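Novice: As given, the protein sequences belong to chains A and B, one line each in that order. The letter at position 101 of the first sequence is residue 101 when you use the working numbering, and the numbering goes up by one with no holes. Adding 160 to a residue's 1-based position in the second sequence gives its number in the working numbering.
Worth flagging that the hints you see were computed from the coordinates, not collected in a lab. Here the structure is a predicted model, which is why all the values come from computation and not from measurement. Backbone N, C-alpha and C define an ideal beta-carbon position, used for all residues, glycine too. Among the clues, some could well be false.
A few chain B residues facing chain A, derived, Cβ under 8 Å [what the hints assert, rightly or not]:
no. : residue
1   : W247
2   : F328
3   : P353
4   : Y366
Cβ-Cβ distance ranges computed for the label pairs, FRET-style [stated by the list, open to error]:
no. : chain 1 : residue 1 : chain 2 : residue 2 : range
5   : B       : F382      : A       : Q142      : 39 to 47 Å
6   : A       : P128      : B       : L333      : 33 to 41 Å
7   : B       : S392      : A       : P58       : 19 to 27 Å
8   : B       : L333      : A       : P58       : 34 to 42 Å
9   : B       : D349      : A       : G136      : 45 to 53 Å
10  : A       : G45       : B       : T288      : 57 to 65 Å
11  : A       : G136      : B       : T289      : 30 to 38 Å
Covered stretches of chain A, going by a simulated chain B footprint (3 or more residues, C-beta under 8 Å) [stated by the list, open to error]:
no. : stretch
12  : 92 to 105
13  : 109 to 121
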Amino acid sequence: MDTSVRYLLAFAAITSAATPLPAQETEPLGAARVTLVAGTAPTRGGRTEVVRRAQRTPQNLVLVDRNATAEDLAAALVMINALRMQYGDTLTSDFRARPETVRPGPTWQQSAYRTWLVTQLVRLRAAPQADVSDLGVVKAVQITLPAPSGGASTTPAGRR
Amino acid sequence: MRDRYRSLVATIATSALIACGDAAVGDVTAPPLAATPAAPVANEWPSVDDYTDSDIPSTIGLTIHVDPRFEDDFRTFTVVATVHFEWVNEVSASVSASLINKNGTTVNQGSAGMQYSRLALPVPEGDTTFTVRISTNNITCGLVGKSSVSGNAAQKAIDVRLVQVVLFSQVILPTNGPDVLQPACPDPDAPAPPSGGGGDDFETCYTVWRELWSWDYLTRQFTLINEWVIGSFCYVYQMT
Numbered sequence: 001m002d003t004s005v006r007y008l009l010a011f012a013a014i015t016s017a018a019t020p021l022p023a024q025e026t027e028p029l030g031a032a033r034v035t036l037v038a039g040t041a042p043t044r045g046g047r048t049e050v051v052r053r054a055q056r057t058p059q060n061l062v063l064v065d066r067n068a069t070a071e072d073l074a075a076a077l078v079m080i081n082a083l084r085m086q087y088g089d090t091l092t093s094d095f096r097a098r099p100e101t102v103r104p105g106p107t108w109q110q111s112a113y114r115t116w117l118v119t120q121l122v123r124l125r126a127a128p129q130a131d132v133s134d135l136g137v138v139k140a141v142q143i144t145l146p147a148p149s150g151g152a153s154t155t156p157a158g159r160r
Numbered sequence: 161m162r163d164r165y166r167s168l169v170a171t172i173a174t175s176a177l178i179a180c181g182d183a184a185v186g187d188v189t190a191p192p193l194a195a196t197p198a199a200p201v202a203n204e205w206p207s208v209d210d211y212t213d214s215d216i217p218s219t220i221g222l223t224i225h226v227d228p229r230f231e232d233d234f235r236t237f238t239v240v241a242t243v244h245f246e247w248v249n250e251v252s253a254s255v256s257a258s259l260i261n262k263n264g265t266t267v268n269q270g271s272a273g274m275q276y277s278r279l280a281l282p283v284p285e286g287d288t289t290f291t292v293r294i295s296t297n298n299i300t301c302g303l304v305g306k307s308s309v310s311g312n313a314a315q316k317a318i319d320v321r322l323v324q325v326v327l328f329s330q331v332i333l334p335t336n337g338p339d340v341l342q343p344a345c346p347d348p349d350a351p352a353p354p355s356g357g358g359g360d361d362f363e364t365c366y367t368v369w370r371e372l373w374s375w376d377y378l379t380r381q382f383t384l385i386n387e388w389v390i391g392s393f394c395y396v397y398q399m400t
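Only chain A is shown next, with the shape it has when bound in the complex (with noise of 0.2 Å):
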């Protein structure tokens, strides 16, 4: 096969993967438990790496390095809020995403959310070991993530 032509086919797939499910159009989106996992390193790099699972409970799954900070765990609980907005709860394959580069808000540091998200860092690395499905046996406390808001948005294109 000539090597434009398989070119054009990897591009086809992967424009046609990028496509939105439609799922979200006739399914609202509640609160969503997410499972915080210690003791996994994620696969790809960085200090958070999300899962989400479509076959497989839990469904969300956050991987979180020893040394993630609250920034690291923002950003994941950011992309679950944007992967479920983006294809819904009723997932047809797996995702897994992992932040690039972070960038909070002026007023971050002070933010009763980070005190929050530092408190639940503590609480994973003191929670005791459990099995979770195909991670084995791991640290993992579980949290609510409310349903995402109208405060949230995709930045025009979403792809940079």
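Let chain A serve as the given structure and place chain B on it in line with the hints.
Specialist: Structure of chain B alone, referenced to chain A:
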């Protein structure tokens, strides 16, 4: 000329006397009271003969589809009923909706109905939609939305005695729609973040991969069969 005029007047007067007298009526017995229709249904439903003379089939149809869902950020429970009927001239349907909490207590309930009557031969088919909306009383988690629907459709006519009769009918007994769940209420073991972000924007850019996993019956575990990068995205979240 005058004799001819008098003869004409005499003939008319005689005819009028005969016509208005009892001799012209003969013996007529009034119908017994019981045979008189209780309700004046004549000129309302079509007659049985109308059905016989037409091509109206006896295969009537009635289906009711319900679509229950939460709206307004889970503050309203809405049940939309779509009624489809075929070859009937009277249809009625009702839908009830209720909200149950985890203790089994009814938080709110409501109902609505429709009635359709056509005082003529049935139409081939028809559709109508109606909606029940009930408030969750500002409860946005932990409720179960339940719905129930029932209906009746009939071909109605009047017989030769002008009595209303039902030629064919179909009944939908009370049938439950699918339960709809609000999100689970926050679990003390799974705390939710506080509000109070002050409206600050939090921007993050990230890379997303899609993965296809398949259940392997031999090893009894999921196996990654394919993965590819969807792309890099940026997302701005406004802290509230």
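Novice: None of the hints should be skipped; say for each whether it holds.
Specialist: Hints, one by one, checked against the model:
1. W247: Violated, because the Cβ-Cβ distance from W247 (chain B) to chain A comes to roughly 33 Å (cut-off 8 Å).
2. F328: 37 Å, violated
3. P353: Hint holds; P353 (chain B) Cβ to chain A Cβ min 5 Å, cut 8 Å.
4. Y366: 5 Å, holds
5. B:F382 / A:Q142: 39 to 47 Å: 21 Å, violated
6. A:P128 / B:L333: 33 to 41 Å: 52 Å, violated
7. B:S392 / A:P58: 19 to 27 Å: Holds: the Cβ-Cβ distance is about 26 Å, inside 19 to 27 Å.
8. B:L333 / A:P58: 34 to 42 Å: 41 Å, holds
9. B:D349 / A:G136: 45 to 53 Å: Violated: the Cβ-Cβ distance is about 21 Å, outside 45 to 53 Å.
10. A:G45 / B:T288: 57 to 65 Å: 59 Å, holds
11. A:G136 / B:T289: 30 to 38 Å: 52 Å, violated
12. 92 to 105: holds (count 13)
13. 109 to 121: holds (count 6)
Taken one by one, the earlier hints fail for this structure at numbers 1, 2, 5, 6, 9 and 11, listed in ascending order.
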